[in-house]
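Let the hints inform the model, and build the full structure from the sequences given.
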Amino acid sequence: MNVIRLFENKVPPFERLEIQPMFKAALKLLIEVISACTGHLRSMQIKPYLIYQQQYVRVLFIGDVGRFNLTINIAGHTQFPDFSAPRLRFYMAVVDEMEAYYLVDLLHNTLLSDPFSNDQPVSISPLSPISVHNTVDSWLGAGKC
1 MNVIRLFENK VPPFERLEIQ PMFKAALKLL IEVISACTGH LRSMQIKPYL IYQQQYVRVL
61 FIGDVGRFNL TINIAGHTQF PDFSAPRLRF YMAVVDEMEA YYLVDLLHNT LLSDPFSNDQ
121 PVSISPLSPI SVHNTVDSWL GAGKC
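Residues in the sequence shown are numbered consecutively from 1, following the numbering used here.
If you are wondering where the hints come from, they were derived from the structure by calculation, not from laboratory data. Source: prediction; values computed, not measured. Idealized CB from N, CA, C, for every residue including glycine. A couple of the hints might just be wrong.
As the list claims (entries may be wrong) - With beta-carbon atoms standing in for the labels, derived distance ranges: (1) S43 to L88: 16 to 22 Å; (2) Y101 to M22: 18 to 24 Å; (3) Y52 to K28: 32 to 38 Å; (4) V3 to I62: 21 to 27 Å; (5) A85 to E8: 29 to 35 Å.
The structure is reproduced here in structure tokens:
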């Protein structure tokens, strides 16, 4: 089975990772949806967890308009969230832990800058896991996010 990674196989030491061309439109849509739900990003909460030997990373994006919940499944393949229906939490699959880390880093830096500007470089800043309360706010059910 041929695994198609989200990012190119070679990681340049001090540069941005390149996204596989087939995933660029899906990644842009993900960024647009997160930005529409949150407005300007104020903070992110990250919580890695394990359920029956399956690894997940829960990412809560908090902005001045609202919140967006994304759960990343370390599944051995790449699959973007289905935005066809409103949900309280969206799920995405990535190949491995490295891709999960770089995806969260890319989303963090892109949403902190202007997400729709192609000219603006993405700066690398370290992320640290923060303990997150795992309940879902009741008001999220009323909106699209």
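Consistency of the hints with the structure:
1. For the pair S43 and L88, the beta carbons lie near 19 Å from each other, so the given range of 16 to 22 Å is met.
2. Separation of Y101 from M22 is about 21 Å and conforms to the stated range, judged on CB atoms against 18 to 24 Å.
3. Evaluation of the 32 to 38 Å hint for Y52 and K28 yields a pass: the beta carbon distance comes to about 33 Å.
4. One distance hint, 21 to 27 Å for the beta-carbon pair V3 and I62, is violated here, with the actual separation near 33 Å.
5. In this structure the hint that A85 and E8 lie 29 to 35 Å apart at CB holds, the actual value being about 32 Å.
Hint 4 from the list above is the single one not met by this structure.
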